[in-house]
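**Q** Okay, here's what each chain looks like letter by letter:
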Amino acid sequence: MNHLTRSEEYILLAVWKLQDEAYTLPIQERLSEISGRPWSLSSVYAPLERLVKRNMIDSSLSEARAERGGRPKRIYKLTDDGRQALLEIQRVGQTMWEGISAAALQRGEI
Amino acid sequence: MNQNHHHQPPQWASRLLELLIQDVANTPAGDYEEYYSALVNSSGLRAARRWYFGQLLRLVPERIGARIYWNMAMWRNYLTVGRRNLLRNRVSSTINLFGLSVAIASCIVVFLFVKDFATIDHFHEHAERVFMVNHEAEPPFTHLSGGATAEIGLLFTSGRVNWRFAEAFWLISGPFKAFFASFGCATLASRA
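As you go down the protein sequences, you meet chains A and B in turn. Just so you know, this note's numbering puts 99 at position 23 of the first sequence, and the rest follows in order with no gaps. Just so you know, this note's numbering puts 1048 at position 176 of the second sequence, and the rest follows in order with no gaps.
None of these hints come from the bench; they were simulated from the model. Positions of the beta carbon are idealized from the N, C-alpha and C atoms, including for glycine. Keep in mind that a hint or two might mislead.
[Claimed, not checked] What follows is a set of in silico ranges between Cβ atoms, one per label pair, in the way DEER data are often shown:
#1 LYS129(A) with ASN961(B): 37 to 45 Å
#2 GLU143(A) with ARG948(B): 40 to 48 Å
#3 ASN78(A) with LEU929(B): 31 to 39 Å
#4 ARG82(A) with LEU951(B): 37 to 45 Å
#5 THR81(A) with ALA975(B): 54 to 62 Å
#6 ARG82(A) with GLN883(B): 37 to 45 Å
#7 SER119(A) with HIS878(B): 19 to 27 Å
#8 GLN883(B) with ARG130(A): 31 to 39 Å
#9 GLU125(A) with SER915(B): 24 to 32 Å
Bound conformation, chain B alone (with noise of 0.2 Å):
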C-alpha cells in the first residue's frame, strides 16, 4: 500500500457509508477510508471515488433488504408478546375481545340501515311504496345486469308481480339486500 499521501473521501460520502454500513465501531468505514488513500495513491483520485461512490451505492440494496428483515423480525416479537399476553389472561381478554367484537358489529349494522335509509328518497306522496329494482342476468347476459328497464317496473305494474311480496321482502331484507343476495337470495327481479 502506498503510504506517501493521506486523502480523505468527501464527508458527506463517508457518513453515508457509516449509515449504510452500520457497524458498533464504524471499523469498515475505516477501513474503505485507508482503502480510498491507497487507492488515490495509486490509481488517481477519479478511480477512487468512483470506487467509493460505487460501494456506496452497492450497499443500498442490501439496507432495504436489513430493514425489511428487521422489520418482519420486530412484528413477529410483536405478535409472540401478545399471544402470551392473552393467553395468560384468558378472562380478561375474552371479555375484551367479546365487547370488541359486539361493539364494531354493532357499528356495521347501524351504518347499513343509516346507509339503507339515506339510499332512498322519502319526499314522495307514496314513500312507502317506491321500490328500488334490481335486476341481475344469469352469465351470458351479465351485460345487462346492474341497471333495471324499464320492463321490469311494467312487471309490476301489470300485476304479474304481487305487490304485497314485494313489500314482504323490503321488511326483511331492508338494510342487508346485499347480505340477502349474496347466499342467492332471490332479488325481486329474479322472482318475477
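Only chain A is shown next, with the shape it has when bound in the complex (with noise of 0.2 Å):
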C-alpha cells in the first residue's frame, strides 16, 4: 500500500466523522478549526481528489441547493479501502507511539 499523506489522512477521518454532511465545505472548516491553520479549499479538494482516485472514497449528489445558486453538494463517503486504510494508519501509529510520553518530549528528555 502507498502510504497516505498527513493530510489525505486528515481528509478521510474528517469525511468519516462528518457522514451525510461529508461535502468540501465543513471538511475544509473542521480541519481549519481543529489544526488551528486555515485550510483553503484547493488544500481540500486536491487530496479528496486523490482519494476518490484511488478509490478510497466515493461520491453522490445532493439535490440542487438555492444556497448554492442552485447547484448540488458533491457528498463523500468511505469506502471499504477506506476505513480499511484508516485502520491501518490507526494501528501503525499507536505503535509507533507506544512508550513514549508526551511530558518526556515536552521535557526533551526521556
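With the hints as a guide, bring both chains together as one complex.
**A** Below, the structure written as C-alpha cells:
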C-alpha cells in the first residue's frame, strides 16, 4: 500500500466523522478549526480528488440547493478500502507512539 | 459558518468560474458561492469579492495547461488512428502515398522551371547568351558573396572562361542551380 499523506489521512477522518454532511466546506472548516490553521478550498479539493482516484472515498450528488446558486453538493463517503486504510494508519500510529510520553517529549529527555 | 444572510457573487463572475472549473455537476462553483456568502458575513463584501476574483485569476493558468494537455492528447489519438488505418489498408495507402508524393514532387519541379524562366529577361537580342553569374566567396571573404562584380564579367569577355562550358552548365543545372550548388557543385564563378 502506498502511504497516505497527512492531509489525506485527516480528510479521511473528517469524512468519516461528518458522515452525511461530508462535503468540501464542512471538511475544510473542520480541518481549519482543529489544526488551528486555515486550510484553503484547494488544499481540500486536491487530496479529495486523489483519494477518489485511489478508491478510498466515493461521492454522490445531493439535491440542488438555492444557497449554492441552484447547484448540488458533492457528498463524500468512505469506501471499504478507505476504512481499512484508516485502521492501518491507526495501528501503525499507535505502535509508533507506544512508550513515548508527551511529558518526556516536552522536557526533551527520556 | 455565519448563516445569517445569503449573498451571491456577481452573475458574470460565477458563470466565469463555472467555465474555468468545468465540473460535471458544478459542485465546486456551489462551494465557492457558499464560501463567498460566509466571507461576506464574516469579513465584508470587499474581502469576499477580492477572494472570489483572486480564485478566478488563479484558475486561469490551470485552464490553459489543461487545454494544452487535452489538445496534445487529441492529436496523439489522431496520429494513432491514422497509423492504424494506414497499416490496415496497406495496398491502398501505399498507392495513395506514392501518388501524393509524385504529385507534390512534380509540382515542385514545375515551380522551379517556371521560376527559372520568369527570372531571366528573354527579350534581349542574344537572350540565350545572357547568363546570371553568382559569386560565392570562401569564409574570410563571405561578405563579398551574393553579388557579381564587373571583374567576373570580364573573366568571360576576356576569354578566360569558356562560353561553351557556361552554356553546358546552364543547360544541365537550369532550374536546379540551387540544388546543384547545395551539393557543392562549382558555380560558374568559382570554376573561373
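**Q** So, for every hint listed, does it hold in this structure?
**A** Going down the list of hints, with the structure as the test:
The beta-carbon spacing between LYS129(A) and ASN961(B), approximately 39 Å, falls within the hinted interval of 37 to 45 Å. Remark: the range hint 40 to 48 Å for GLU143(A) to ARG948(B) is upheld by a beta-carbon distance near 43 Å. As the Cβ distance of ASN78(A) to LEU929(B) is approximately 34 Å, the hint placing it in 31 to 39 Å holds. A C-beta distance of roughly 42 Å is found between ARG82(A) and LEU951(B), which places it inside the suggested range of 37 to 45 Å.
The hint said 54 to 62 Å for the Cβ distance between THR81(A) and ALA975(B), and at roughly 59 Å that hint holds. The supplied range of 37 to 45 Å is met by ARG82(A) and GLN883(B), whose beta-carbon atoms lie about 39 Å from each other. Distance hint for SER119(A) and HIS878(B): a CB-CB separation of about 25 Å, consistent with the stated range 19 to 27 Å. Checked against the hint of 31 to 39 Å, the pair GLN883(B) and ARG130(A) passes, with Cβ atoms roughly 37 Å apart.
At about 28 Å, the beta-carbon gap between GLU125(A) and SER915(B) stays in the expected band of 24 to 32 Å.
The structure fails none of the hints (numbered hints given earlier).
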